[in-house]
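K.L.:
In the order they appear, the protein sequences are chains A and B. Here the first sequence stands for residues 1 to 291, where the numbers follow UniProt numbering. Here the second sequence stands for residues 1 to 388, where the numbers follow UniProt numbering.
Keep in mind the hints are simulated off the structure, nothing from the lab. None of the values given here were measured: they were computed from a predicted structure. Any given hint could be a false lead.
What the hints assert, rightly or not - A few chain B residues that face chain A, going by a derived Cβ cut-off under 7 angstroms, partial list only:
id: 1; residue: Ala199
id: 2; residue: Asp201
id: 3; residue: Ser271
id: 4; residue: Val279
id: 5; residue: Gly280
id: 6; residue: Ser282
id: 7; residue: Pro327
Said to hold, decoys possible - Chain A regions said to be covered by chain B (calculated; three or more residues, Cβ under 8 angstroms):
id: 8; segment: 133-147
id: 9; segment: 169-183
id: 10; segment: 193-201
Ideal Cβ positions, reconstructed from N, Cα and C, are used throughout, including at glycine.
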Amino acid sequence: MNMHVDERRPAPMSGHERSRHESSSQEAGQPVTRNPHAGHELSIRIRDLSLWYGESQALNKLNIDIFQKNVTALIGPSGCGKSTFLRCLNRMNDLIPGVRLEGLVEMDGRDVNAAKMDEVALRKRVGMVFQKPNPFPKSIFENVAYAPRMHDLVSRKAEQDELVEHALREAGLWNEVKDKLHQPGTSLSGGQQQRLCIARAIAVQPDVILMDEPTSALDPISTATIEDLMDKLKKQFTIITVTHNMQQAARVADYTAFFHLGEIIEYNDTRTMFSNPHTKKAEDYITGRYG
Amino acid sequence: MSQSFDDISAQLKGRHRRSARLKWISMGSLGLAGLFLVLFFADMLNKGLPAFQQAYVQVELDYNEDAQRMGRAAMDREIAPLVSRSFERLIPGMIRDNPDLLGTTEQRWVLANSEVDQYLKGHRNQLNEAEQAAIDELVDSGQVALKFNTTFFTNGDSKMAERAGILSAVVGTILTMLVTLAIAFPIGVMTALYLEEFAPDNRLTQLIEININNLAAIPSILFGLLGLAIFINFFGVPRSSPLVGGMTLALMTLPVIIIATRTALRSVPDSIRHAAFGVGCSRWQVVRDHVLPLAMPGIMTGSIIGLAQAMGETAPLIIVGMVAFIPDVSASFTQAATVLPAQVFTWAGEPERAFVEKTAGGILVLLSILIFLNATAVILRKKFERRW
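Whenever a hint applies, use it, and build me the whole structure from the sequences.
P.N.:
Structure representation (structure tokens):
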């Protein structure tokens with residue numbers, strides 16, 4: 001098997017090549033798990049994940065390992081399945097009628113799609129930030145305090161205040177909103193709203209934060225702020241972000257997965273991916289030959 | 001081949017003319033609708049406002065022995081025919097309740113009968129010329145006058161036009177609407193919540209949805225038949241009562257509330273639901289904490305409009321026996337009662353001229369309540385309108 005194994009980094013995996021050799025190899029997904037980078041622990045393990053919307057297949061036998069406390073970027077042309085894949089990780093696809101799923105999404109040694117797994121518990125550990133900032137139409141304070149209160153993370157008023165301040169500080173929003181905590185969250189600017197959504201996700205104290213093109217609706221300055229924030233937050237959280245913007249992936253991500261037509265063509269550490277991609281398709285996409 | 005500006009202008013002339021014509025036609029129809037509205041209101045006010053005034057006569061009451069048996073004996077022989085018989089009948093009772101009155105006299109303004117009332121208002125009446133002249137004299141001396149008609153608001157229906165009031169119908173309407181609201185609002189909102197937020201989209205729910213929409217278009221009198229067959233004949237709910245009327249109207253209001261609620265729920269953007277699911281809300285928490293508060297103004301507006309519609313309904317109530325002569329103000333949900341539109345309907349069938357203004361007066365009261373309700377709905381919607 002023609003695998004490109006880098007000594008210092010977890011093995012890149014080419015789904016494209018893998019599928020070609022699938023019948024001959026029993027250990028198709030193994031290189032990724034066998035060689036995690038020192039200090040990079042496994043967060044989510046995906047094996048042979050396929051997904052159908054009704055009759056049409058959106059994801060085809062994905063295999064990928066996501067590592068803790070890193071930023072993993074998912075790139076690829078529109079309709080390649082990267083957002084669909086992201087939604088598999090906190091079972092947001094459950095909300096879409098007619099979705100059928102096969103394969104394994106494993107976190108903490110548990111299959112997140114198992115009948116015994118409560119999607120509410122999963123979403124407590126896997127938070128999400130959406131493409132368009134979507135703060136609740138409540139006050140800034142309530143936006144952050146609502147979920148921790150719901151999950152019984154705070155009991156006393158003081159604890160709640162403390163947690164709200166902590167989450168807003170982490171999201172780099174505290175100084176801008178500390179005097180207007182009781183104004184509606186929707187009164188903030190787009191970039192501030194998105195950071196409020198990040199604060200809301202942080203407040204639940206998740207392990208993983210999924211970001212679905214978090215900056216696509218924002219101006220360049222707000223985008224830069226969010227990118228800095230992702231860099232800071234990865235010390236505590238595992239961040240998986242979908243992006244249309246390859247430069248953004250190059251700037252913020254430690255690992256990058258290239259999706260094409262519902263398959264992962266290449267998964268590699270970001271530097272390799274952008275300087276020396278191992279697959280022709282990824283190279284063509286990254287150099288702008290299509291997209 | 002390119003066209004010159006002149007060529008294009010020549011073509012455009014016809015198009016502009018047609019759009020101008022369409023504009024005038026639509027403005028004309030709006031004007032016509034406005035004109036009808038003005039005419040309707042002018043006619044109602046013209047006919048109905050006199051109902052809020054009533055002729056009163058000043059009489060010298062002499063509580064003598066004869067008055068204990070026959071009220072008329074207490075009054076001057078010339079004035080007595082002008083006084084409402086309903087007051088004459090009260091006199092013996094007054095003396096019985098308060099024996100000290102016996103042997104005393106008293107000056108008092110009392111209800112005149114409806115002929116005097118109609119004469120003073122310049123309407124057709126059955127008084128002869130001598131009687132009319134006598135009344136004119138009394139008016140000049142200040143013993144007969146039109147005053148604000150409190151009786152209209154404090155009495156129930158009566159066969160004597162001057163004593164007929166709207167109170168029993170107002171109370172009946174309130175009781176009936178309470179029943180309607182208590183049944184239709186929770187069931188309607190819960191049904192809509194289930195269909196919109198919880199139910200899977202399959203054949204069965206689509207069938208239910210189509211049938212609910214059809215239900216909104218069913219002639220209301222059929223709901224009356226349903227009420228008669230099921231509530232009265234099967235469950236034995238007392239007929240003519242606000243309870244059975246309210247239940248029947250609730251059936252009619254349900255589809256309106258369901259449809260309004262579903263529209264309100266659908267207008268809540270999915271991004272809010274996703275945000276809530278994303279932080280780990282269960283389905284019920286998403287609905288209770290995020291979707292329902294946002295949809296509430298729309299739900300309230302729809303419910304108020306549904307209620308206003310039910311309030312103006314007469315046909316189904318004919319069948320359950322609420323369109324009837326009900327002089328007493330009902331004190332409970334199971335006593336016989338009538339409602340405002342039914343009262344208007346009853347009065348409209350009375351032959352006496354004095355009931356024409358009662359009819360119009362009743363319509364004015366009903367319209368005021370409906371306008372108030374609809375204004376409340378508009379204000380609620382404006383006040384809680386949110387942008388996201």
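K.L.:
A separate judgement is required for each hint: does it hold in the structure or not?
P.N.:
Taking the hints in turn, this is what the structure says about them:
no.	hint	in the structure
1	Ala199	violated, 11 angstroms
2	Asp201	holds, 6 angstroms
3	Ser271	holds, 4 angstroms
4	Val279	holds, 4 angstroms
5	Gly280	holds, 4 angstroms
6	Ser282	holds, 5 angstroms
7	Pro327	violated, 53 angstroms
8	133-147	holds (count 6)
9	169-183	violated (count 0)
10	193-201	holds (count 3)
The structure fails to meet hints 1, 7 and 9 from the earlier list, while all remaining hints are met.
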